[in-house]
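Q: Sequence:
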Amino acid sequence: MSPLDTFMFDWFGDTLFNVVLFNLVLIGPASFAAGHAVALTWRPWPQVVFYTALLSATLRFLDYALANGELLSLAGFGFGWAVQLAIAAFAYRLTRARQMVRQYPWLYRRKGLLGWDERH
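1 is the number of the first residue of the sequence shown in the UniProt record's numbering; add one for each residue after it.
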């Protein structure tokens with residue numbers, strides 16, 4: 001084992017490969033879909049935080065069940081939650097910007113990828 005793998009196992013409850021695999025490949029698309037769905041249904045931002053916490057708990061279980069990772073790793077949960085929250089927040093803001101411009105074209109215009117601006 002390399003020193004980096006030892007650090008990752010001690011800190012996040014698993015190896016670097018598994019942390020990246022589970023966070024980005026398995027749970028990442030679900031986080032994107034959660035952020036998109038919350039924005040699409042005009043729900044408030046705190047729901048994204050709640051759903052990503054559930055997805056992070058799922059991530060810990062999948063890591064434990066499939067890769068013999070540490071189930072009750074608080075650092076692993078926190079890191080997974082931060083990654084999932086970033087992905088879901090990006091999807092939420094992307095969807096909300098698109099909604100505002102499409103639904104209210106006389107009020108707003110697109111300003112960059114994640115924003116909108118009032119028309120004058």
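Derived from the structure by calculation, the hints contain no laboratory data. A few of these clues could be false.
Claimed, not checked - Derived Cβ-Cβ restraints for the label pairs, each shown as a range:
1. Phe17 - Phe61: 33 to 39 Å
2. His120 - Leu66: 51 to 57 Å
3. Ala33 - Gly112: 36 to 42 Å
4. Leu107 - Leu66: 27 to 33 Å
5. Arg102 - Ala75: 21 to 27 Å
6. Leu113 - Thr41: 20 to 26 Å
Cβ atoms here follow ideal geometry from the backbone N, Cα and C, with glycine treated the same way.
Q: None of the hints should be skipped; say for each whether it holds.
A: Taking the hints in turn, this is what the structure says about them:
1. Phe17 - Phe61: 33 to 39 Å: violated, 18 Å
2. His120 - Leu66: 51 to 57 Å: holds, 54 Å
3. Ala33 - Gly112: 36 to 42 Å: The hinted range 36 to 42 Å is violated for Ala33 and Gly112, with Cβ atoms some 23 Å apart.
4. Leu107 - Leu66: 27 to 33 Å: violated, 48 Å
5. Arg102 - Ala75: 21 to 27 Å: violated, 41 Å
6. Leu113 - Thr41: 20 to 26 Å: Roughly 21 Å apart at Cβ, these two residues keep to the hinted range, so it holds.
Of the hints listed earlier, those the structure fails to meet are numbers 1, 3, 4, 5, in rising order.
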